[in-house]
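A.B. asks: Each chain, written out:
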Amino acid sequence: MTPGQIVQEQFSQQMIEAHDFRGDQTLIIQAPALRAVALFLKEKPELDFNFLMDLTAVDYLFFAGGRVAKAWRFEVVYHFYSLKHNQRLRLKVPVEEKNPEVETLCDLWASANWYEREVWDMFGIRFKGHPNLKRILMYEEFKGHALRKDYPFNKRQPLIGPQY
Amino acid sequence: MTQTRSMLLNVGPSHPAMHGVIRLMVEVDGEKIKGVDVEIGYLHRAFEKMCETVMYAQCFPYTDRLNYVSPLINNVGFALCVEKLLGIEIPERAKYIRVIMSEISRVTDHLTCIAASAMELGAMSVFLYMIKAREYLYELVEEITGARLTISYVRIGGVKADLTPGFADHAFQKIAEVRRVLIEVDGLLTRNRIFFDRMKDVGKISKEDAISHGITGPFLRSTGVSYDVRKANPYLIYDRLDFEIPLGTTGDNLDRYFVRMAEMEQSLRMIEQCFQQIPEGEISGDLTGCVIPASQMVDRAKMGQTREFIEDEVAVDPTLQGSTRKYHDAINADKKEVVLPAKENTYGNIEGLMNHFKLVMYGHGIHPPVGEAYFPVEGANGELGFYIVSDGRDLPWRVRVHPPCFPIMAALPKCLVGGMMADLVATFGSVNMIAGELDR
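Going down the list, the sequences are from chains W and L. Counting from 1, one number per residue, gives the positions in the first sequence under the numbering used here. Counting from 1001, one number per residue, gives the positions in the second sequence under the numbering used here.
Derived from the structure by calculation, the hints contain no laboratory data. Treat the numbers as computed from the prediction; the structure is a model and nothing was measured. Honestly, I wouldn't trust all of these hints.
[As the list claims (entries may be wrong)] Here are the simulated DSS-like cross-link-like pairs (lysine-lysine), alpha carbons at most 30 Å apart as the crow flies: (1) W:Lys-92 <-> W:Lys-128; (2) W:Lys-84 <-> L:Lys-1207; (3) W:Lys-143 <-> W:Lys-70; (4) W:Lys-149 <-> L:Lys-1414; (5) L:Lys-1335 <-> W:Lys-42; (6) L:Lys-1358 <-> W:Lys-92; (7) W:Lys-92 <-> L:Lys-1231; (8) L:Lys-1207 <-> W:Lys-98; (9) L:Lys-1049 <-> W:Lys-92.
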């Protein structure tokens, strides 16, 4: 059984979607179940995902010019890796535009700390329970969140010099 | 009654050892470090945002500037991720070329890291020797790609140009030179009391901490964890090569130095094996009198005289050498919707010209299906992963890089706290922080 199937069986109620496009096992789960699933991934011996390899987010505002309907605006994307079983798993959590907040995974994987700060910086998604949620790549005075699709790529916010 | 207080010390960003891009706020008690706060972002250039505004093929110049000490590996990683999204395979020869160029880049990266950290400890001659060795390898890179740093060499579905005719011999000569330098450096550093004492048991990190922080690459392997993407999830032709993963035991600066030194030797071995296995590419034939300047070919094609130069080759500008018809098929996938045609076809017939424009015009270009893919490659610092989301258009919807030195920088306080202030520079040097990929 693949890791994706094991998780699907355990959390069938909280599962929104599962696919393995191009061989990448992907699960989309409901946000409230995130910590339970994450803990399961980490603690279950058959899974043993000891690496949180990557954590990022995607903004689906006007995805594909509006042709593909998405029920939510953001997805927080987790890439897990198990050293013991040499398996990878992608976990996605939908986030609403109104209250962009998910639970933190800082206490389970130390790597989540900076990644979550980056997601907050770039997408404005808050992580509940994060010990130090402040901007990491941009400066504190920066207004907006640069990787959101409604942030123009050519907008400038000079920190020093004349204000436009 | 004496009263003691700890002092806050600001190191960087304008400090030579911080490369001008990192700020450490260090809390010191005398010479002992009690706490460190790392501030990054000084080199943020919006890589991920800019990739969303250009077509897939136009992202390559941006990826050059991620890890600018081994840009070829970034190129390869990005191309592999897009190819995974498209579901295409590339020819054998292109795979070998990619591996050869990646391994050359890995050696240049490790050379730079060890050279710079040795220099920061005062070993100036080591720096000069290793930069000399790196120069030999840059000459190889230059011979193939036409550039030294911003190479933009890899293409989706293949590579830009084939290897030059005498490349294998040149490479063997340079590899011998690099090996000589490595022996020199080994003699200068490994048995050097000062270097040894300054590196041993400094900047330690435990296995568990390294895994929890998501650290990969030489930094993780120095703690004794055997994880290398080239072995765990072999891509291209790494499964056909015989190489070892050097491991450390304690995870201190000295182990990281040893791991990097041993990895360079493994990379050089891999390059040698690739030259033995690589399938033949160019068809040898006498082209004397059949090479036409591009302008003439275009003029004659406009008059419809295309049948005459079916066997002819176009003389292209040096940056395009190695991408003409005689090389094209061996190094590019047979996919017209992805790969630019051979230059003879672009200049000499309407089908090739249309194919070319269909790939370079906005709104046309490469259209991967709607979906997402993550592809990890072994960068010089660790797992370099590209995560690309496509919405079926010619512009990527989202390009995410997993930069290998990002988690290492997050774990830097773990290595520094409890140590001495003077060791900060040595430990920071062993991280091999590359701001281009850290801040993107």
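A.B. asks: I'd like to know which numbered hints this structure contradicts. Please list them from smallest to largest.
C.D. replies: When the structure is compared with the hints, numbers 4, 5, 6, 8 turn out to be violated.
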